[in-house]
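A.B. asks: So you can see what is in the structure, the chains are spelled out below.
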Amino acid sequence: MKPPPAHALVNRLIALTLLLLVFSGSLGLGAVWVRQEISQTANRSRGFVARINDVERRLDEVNAEIAAAVNPDALLRQNEAMRLGLAMPREVQVVRVDGSPELRLAGKRNREIFSLAATGAGAPAFRVVTASLR
Amino acid sequence: MSKGFANNRLTILSLGVVACFMAVGVRLVFLHVIDREELLRFVNKARRQIVVEHARRGAILDARGNLLATSRSVMTLAVDAWSLDEYLQIEKNPAKRARRAAEEQAKRAQLAGLLGLSVADVEKAFVPAMRPVKPEADQRDGKVDGLTKDRWVKLREGVDESVYDRVAALNIRGLTAERAYRRVYPGSGLASHLIGYLNKEGTAVTGAERHFDLYLKGQDGWIESEKDGARREMAQFRSREIPVQDGNDVVLTIDSVIQHIIEDELKTIAAKYDPHFATIIVSDPQTGAILGMANYPSFDLNNYSKAPLDAQRNYAVTDIIEPGSTFKIVAAGAALNEGLVTPASLFDCGITSIDYKGKTLKLPKEDEPFGMLSVADIVAHSSNRGAAQLAMRLGEERFYDYARRYGFGQSTAFPLGGEVRGILEAPAKWDGLTITRMPMGHAIAATPLQVHMAMSAVANGGALLRPQILKEIRDTNGNLVRTFGPEKRDQVLKPSTAALLAQLLTGVVREGTAKGFDIPGFEVAGKTGTTQKVIDGKYSTTRHVGSFVGFFPASRPQVVLSVIVDDAKVTSGSAYGRVVAAPAFKHIAEQLIQYLDIKPVQPASRSLLAMQGGVR
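Heads up: the protein sequence lines correspond to chains P and U, in order.
Okay, so the first sequence: first residue is 1 according to the numbering used here, each after it adds one.
Okay, so the second sequence: first residue is 1001 according to the numbering used here, each after it adds one.
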């Protein structure tokens, strides 16, 4: 059998070398691309963290301003400035109601309806109101 | 193609590749072996950086979640005038350079308006200047003349974030900003003695800020990373990252509204009586939780540096007073608890001396002449001689033992303000008259808080609790980390005795020394106290400590309240507890009833009408 010519082997070697270069080059480019992506993602992530921190900072600032605005002294000053005349109730003004006021008022309303129905002519037109029906 | 040419080509290619590899190899040897140390030093200096992330200090909140102290970010603005100069020098065209300079000047005028500074002040900061530097460190600008470019001139500190946003939008050349956290106290002077403050260096100095610093401060984090030429972090090269742990929030037991009510009352007392100091304490008898604790004089936490040191003292725990007649609850409670007397037991309070253990002891003076008084009357009318006889029934040892059990002479373990223990000497150190004087609150010294907690024990079925100021710890997300419950110190009295004593104490406002300060329907139980101040080693007849310590409703106590006024100046008469403290007690109690929705013990008749839905 006739051996292959030497230049054919060299050409094949060169072709393989080129292929290897292309392959390793693409690997290198791929690695660079991956690193670039990693870098961009890391920086984006850092940006998001910075934004979250920024929002939290602003939230704290708003909370501090709200706290300063609603502290009792500030509210009293507002009360005076706006001439609202709001004051703590005195015991004599307070009527204390034990139990459920809803049921009691419903009972009162029903008593009124029934007594009207008892005195009026014709069929009574009423609806029984209870707290549970609301 | 000839064979020789192919061989030559192969040889050249091989040699080329080998040469390339060798060149790379040689370079690598230089980089990694020969110049390694130097290059590493350079790289570390030029690129590596450690970024410290400061932990945000936790907030201090009241029991209802209102902010009492929080951290707020503020900016410090500084000027690098040389940077502006360099920016202008880059432009070689004089016309364009002048236009740039004019644009920057216009921005600086707006900056002055935003910062509330004069344009001249801002312009002065933007003039490039040199600053002196040690000659050995003077290598930055190439000349060793002891001067270097001043690249940081402070323009303004404490700039709010919102203002800074507008400043940043101007994009002014040479303006730099640094963020810092500043502690702010939204309530200003509210509960200042309890909250405490951080000084300019960020060190916790007093109050909750200092005592709960461990919970509040958090832990700084850090990132080991690399930076680019513009000193921006390259996040992809982070090699180590320790996450920041923000501080926990501390929730106190105090209530902002109650605190405000008592501080308001203190202002009234101060305006009316100009006392040396005054203290008001409010607590929940069942838990020992302090709902409010205020002192006069006080100070604004946001301007603590302007407050004198005296105004920063928490008098409720740092100063001792003779408790006076409020101490009579010790003798009365002990005698009742031991079964030595009943409320109806009679004592002759008209006598001036008494035989005790073979000696005749002179009894203390009374404010008004008394005859035979029952134990109930001794308590209601605050008889000094009656209290002395009750203590004599007990004997020195037992009386002393009860005083200790009430908490006198011992620390209450209240953590804020540098508490002192007070003075209660053992019977071995008593002189012959101490058994007659101590029951009326002389020859003993206690802090206002000790007196308050002793009364609280009566209101709490005889159980003495530790005063509680810390309610819970929460993390930054609001999750509960730890809660703190009531802590019992001692059982001073039997519950039945405590209930009986509570009823006797209602006599004080009904018919006794504080008659007229009752609140109908709410069974106010309390005890007035008046002691002469010791001036130059003698009891003064003109300067007093007046107090009223009590609780309500007596049959189911919900609030314990103490008002103590030291050295009140009254226009006529003496600064008795009923004069200077009892009115404040009543005024505060009326407000607390509404705020805490405390129900009356005996419902008023008008309530019955409402209960029937208004039908009558």
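Worth flagging that the hints you see were computed from the coordinates, not collected in a lab.
Cβ coordinates follow ideal geometry from the N, Cα and C atoms, glycine included.
Treat the hints with care, as some may be off.
A short, non-exhaustive set of chain P residues, derived as facing chain U with CB atoms under 8 Å [to be verified]:
hint, residue
1, Arg46
2, Asp60
3, Asn71
4, Arg83
5, Ala87
6, Pro89
7, Arg96
A.B. asks: The structure should be examined with respect to each hint, and the outcome stated for every one.
C.D. replies: Cross-check of the supplied hints:
1. Arg46: Cβ of arginine 46 (chain P) sits 4 Å from chain U, so the hint holds.
2. Asp60: holds, 6 Å
3. Asn71: holds, 5 Å
4. Arg83: It is violated, given that the least Cβ distance between arginine 83 (chain P) and chain U is near 20 Å, above 8 Å.
5. Ala87: violated, 10 Å
6. Pro89: Holds, about 5 Å.
7. Arg96: holds, 5 Å
Hints 4 and 5 from the earlier list are contradicted by this structure; the remaining hints agree with it.
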